[in-house]
Amino acid sequence: MDEHDIDDDPIAVIEDEARAVARSFGISASEDVAAMFVERIMLRLGGESIYVPRRRLKDRQRVIAEIRARFTGRNAAVLAREFGVSVRWVRKVAVV
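Numbering (this note's numbering), first residue to last: 23 to 118.
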């Protein structure tokens, strides 16, 4: 699987991250650990839709504060591009 495929497949991302964690702990069978981890995730959460936020709450609060401070009413697209969010979300958090 090439890197582009990993970006498109959430299961491949989880498996890749599990391998990286296993290697960081010196586990030589990182492929086996990753496969078992993915299997457990699929058994517990298979069929569910899961939203994964892009930022931690602390980062999100900082971004919201920054957007509110810099929002002029005409720069939503610029702020959206800068912070990697949608224009709609910028308008939603800026106008409180």
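Just so you know, the hints here were simulated from the structure itself, not pulled from any lab data. Any given hint could be a false lead.
Pairs of lysine to any residue residues, derived as SDA-like cross-links and limited to a Cα-Cα distance of at most 25 Å, are as follows [as the list claims (entries may be wrong)]: (1) K114 to Y73; (2) K80 to R62; (3) K80 to G69; (4) K80 to A102; (5) K80 to V115; (6) K114 to G69; (7) K80 to I49; (8) K114 to A102; (9) K114 to N97.
Consistency of the hints with the structure:
1. In summary, the hint linking K114 to Y73 is supported, as the alpha carbons are separated by about 19 Å, within the 25 Å threshold.
2. This hinted pair does not check out: K80 and R62 have alpha carbons roughly 29 Å apart, beyond 25 Å.
3. Among the hinted pairs, K80 with G69 is inconsistent with the structure: their alpha-carbon atoms are about 30 Å apart, more than 25 Å.
4. Simply put, K80 and A102 have alpha-carbon atoms about 18 Å apart, close enough for the 25 Å limit, and the pair holds.
5. For the proposed pair K80 and V115, the alpha carbon gap of about 15 Å is at most 25 Å, so the pair holds.
6. Distance restraint check for K114 and G69: the Cα-Cα separation of roughly 31 Å exceeds the 25 Å cut-off, and the hinted pair is therefore not satisfied.
7. Under the criterion of a C-alpha separation no larger than 25 Å, the hint pairing K80 with I49 is inconsistent with the structure, at around 32 Å.
8. This hinted pair checks out: K114 and A102 have alpha carbons roughly 11 Å apart, not beyond 25 Å.
9. Simply put, K114 and N97 have alpha-carbon atoms about 13 Å apart, close enough for the 25 Å limit, and the pair holds.
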